[in-house]
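Given the structure of chain R, go ahead and fit chain P onto it with the hints provided.
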Amino acid sequence: MNSPSAPHQESERTRAEGGNAPSSKESKIKGLKCRECGRLYPAVAIHICEFCFGPLEVDYDYAAIGRRISRSSIEGGPKSLWRYHELLPVTGEPTVGLHAGMTPLIHAKRLGKYLGLDNLYIKNDTVNHPTLSFKDRVVAVAMTRARELGFDTVACASTGNLANSVSAHAASSGMKCFVFIPHDLEAGKVLGNLIYNPTVVAVRGNYDDVNRLCSEIGGEYPWAFVNINIRPYYAEGSKSLAFETAEQLGWRIPDQVVVPIASGSLLTKIRKGFQEFEKLGLVAPNDRLTVNGAQAEGCSPVYRAFVSGKNHLIPVKPQTIAKSLAIGNPADGFYALEVVFKSKGAIAAATDPEIVEGMKLLAETEGVFAETAGGVTVASLKKLCEEGRIGRKDLTVAYITGNGLKTMEALAGALSEPISIDPTLASFRKTVNPSN
Amino acid sequence: MTQMRLHLTFPEERVRDPIIYEICRKFPVVINIRRADISLDSGWVELEMDGELADIDRTVSYLRERGVHVDPLEKSILEG
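Top line first, the protein sequences correspond to chains R and P.
Just so it is clear: in the first sequence, position 300 is 299 by numbering that gives the first Met the number 0, and no numbers are missing.
Just so it is clear: in the second sequence, position 22 is 21 by numbering that gives the first Met the number 0, and no numbers are missing.
Chain R with its partners taken away, still in its complex shape (with noise of 0.2 Å):
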C-alpha cells in the first residue's frame, strides 16, 4: 500500500508512485489538492489523499496558464487534443497519443428535427484515434504523463474500450503493458486487446476478485495503472471534450449537454473544462449551462440516487448491453451527483431495447454509427427532450463516446434483413420496387 506523503515535499515513495522528482519545467502544475480536504501532495502517481481518504486531483497555476494560452495560441497548435495541452497535466511535450482528440462535432439537424431541437450538435468520438472511443484521450493523457514521471510499464482493468487504448498506446510507444480481465470473459472481446501484443492477465475470480487484486497491485508494482495511481491525471484527459466543443462551436459555450455516466468522472470533467475556459477568458460565461446525465437502466446507480433526491449511492450489479457504462460502484458518481443537481440538469435512463433504439435514431439520422453507450446518450436525450428539459432553442450537444463497430453483437435480431433477390431486373422489380 502507499506510504504517506507530506504536503509537496519529497519524502521516500513507493515504487508505484514514481521516481522523476518535480521539474522546475511544471510551473502549470503546482501538485496534486484533495477534493475533499484541500491537503496538498507532488505531481506524483498517487491519488488518494493520505490525511482522509479523499480523491486528489491536478492543482494548476492558472495564473501562469494564462499569461500564455489565448484562443489564437491554441488555433496554433497541432490538430489533437494537445493543442490544449497548457490545461492538460504534462510537463513536457506530449509523447503518447499524438493524434488523439480533434473528432467532429456535427450539427445534427436531422435528428435535431426529429425530438424538435433546432440547434443540437454531436460531439462524435466513435472516429477517435487510434481506438475510436473517448479513451485515447484519457490514455493519451495518462500515459504522456506515466512517462513524465519514469514509468516504463502500463496497465488497467477493462473488458473493453479502456483496455483497447491502453494496449494500442502502448504498443506504439513502447511500453510494457499488463491488461487484468475476469477469467470467464467472452473470447471476442480480448481479441481487440491480443492484437497489440499486451500481456493479457484473466483472474481466476469474479468482478469484485479482479477489483481488489488490482487495488493491491496498483499500491505494490512500480507501474502506471491509469486509473489507479495515474488516476488523477488520467481523468484530465476528458476536459478536451469540453474545450474542443466550445472551440468548435466558436468559442461558445452549450446551454445544455447530455454526457453518458460510467465511473461519472467524464461528466465532472466536461463540466470542469467549460469552468476552465470561463475562468481564462477563452470564452463568455454561460450561466445557463446545464449539464444532464445519461445512464443504462441496467447500470444506473447515479440515475437512481437522482431521483430519489439523494446523494449516496447503492452499488449494483450491472445487467446491460452497454457494457462500457457497466460500473456498478462509480467512484465519482457522487460528484457527478453534485454537477448535475448544481447545474439544475437531470438524469435519465435507458433500458436495453432503447437504447437500441437510440443507436438507430443516431445511425438513421445522421450516419453515425455508435456503440451501445451512444445509444444511452440518444436514448436519454430523447428522454429529456418530452420531458420539456431541454428547450428547443437551447445550444445542445450530446457526448457520442465510442464506435458502434465494437457492440455489433447488441444489434443482433434487431435490424431488419436485406432483401433477396434473383439476378435479374424483373426479379429486382418485382421484389425491390423502387419506384414506391
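No lab work stands behind these hints: they were computed from the structure.
Hints may contain errors.
[Claimed, not checked] Stretch-level coverage of chain R by chain P, calculated; a stretch enters the list once three of its residues show a Cβ under 8 Å from a Cβ in chain P: (1) 45-55; (2) 123-133; (3) 152-166.
[Stated by the list, open to error] Examples of chain P residues lying across from chain R (beta carbon under 7 Å, computed): (4) 27; (5) 31; (6) 33; (7) 34; (8) 41; (9) 45; (10) 60; (11) 64; (12) 68; (13) 70; (14) 73; (15) 76.
Here a beta-carbon is modelled for each residue, glycine too, at the ideal position from N, C-alpha and C.
Then chain P, alone, in the frame of chain R:
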C-alpha cells in the same frame, strides 16, 4: 500483517446495525475509520483494515454475508 483500504456501503436494512463493532469483536483485525457519511436509510464508510490476510479475507466475507457492499477504496476499477 497486511493493510487493506476499503469502501463499505450499507444498504437501508443494515444501516442501523453495529456491524463495525461486530467485526472488531469477531475477527482479529484493527479498524481505522477515515471517512464516513451515514444517514437514516443508507451510508458508506472508508476505513483501513489491518491484520493477517486470512483474517481480512474472513472479515470481508462476513461483511458481504451481512449485506454490506465491500469495494477497494477506488470502488469499481474494472472498466468497460
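Hint-by-hint comparison with the structure:
1. Three residues within the 8 Å Cβ limit are the bar, and the stretch 45-55 of chain R against chain P gives 5, so the coverage statement holds.
2. Beta-carbon proximity to chain P at under 8 Å applies to 0 residues in the stretch 123-133 of chain R; the threshold of 3 is not reached and the given coverage is violated.
3. As drawn, the stretch 152-166 of chain R meets chain P at 7 residues by the rule of a beta-carbon pair under 8 Å; at three or more, the given contact holds.
4. Because the smallest distance between the Cβ of residue 27/P and any Cβ of chain R comes to about 19 Å, over 7 Å, the interface hint for this residue is violated.
5. Interface hint status for residue 31/P: violated, as the beta-carbon distance to the closest one in chain R is roughly 10 Å, over 7 Å.
6. For residue 33/P, the interface hint holds, since its Cβ comes within 7 Å of a Cβ in chain R; the closest pair sits about 4 Å apart.
7. Here the hint on residue 34/P is kept, as its CB sits about 5 Å from the closest CB of chain R, short of 7 Å.
8. With a cut of 7 Å, the hint placing residue 41/P at the interface with chain R holds, because the nearest CB-to-CB distance is about 4 Å.
9. A least Cβ separation of about 5 Å between residue 45/P and chain R falls short of the 7 Å threshold, and the interface hint therefore holds.
10. Hint status for residue 60/P relative to chain R: violated, with the closest Cβ pair at about 11 Å, above 7 Å.
11. Among the interface hints, the one on residue 64/P is violated; its C-beta lies about 13 Å from the nearest C-beta in chain R, farther than the 7 Å criterion.
12. The beta carbon of residue 68/P comes within 5 Å of a beta carbon in chain R, closer than 7 Å, and the hint placing it at the interface holds.
13. For residue 70/P, the interface hint holds, since its Cβ comes within 7 Å of a Cβ in chain R; the closest pair sits about 5 Å apart.
14. Checking residue 73/P against chain R: minimum C-beta separation of about 6 Å stays under 7 Å; hint holds.
15. With a cut of 7 Å, the hint placing residue 76/P at the interface with chain R holds, because the nearest CB-to-CB distance is about 5 Å.
Violation of the numbered hints given earlier is confined to hints 2, 4, 5, 10, 11; the remaining hints are satisfied by the structure.
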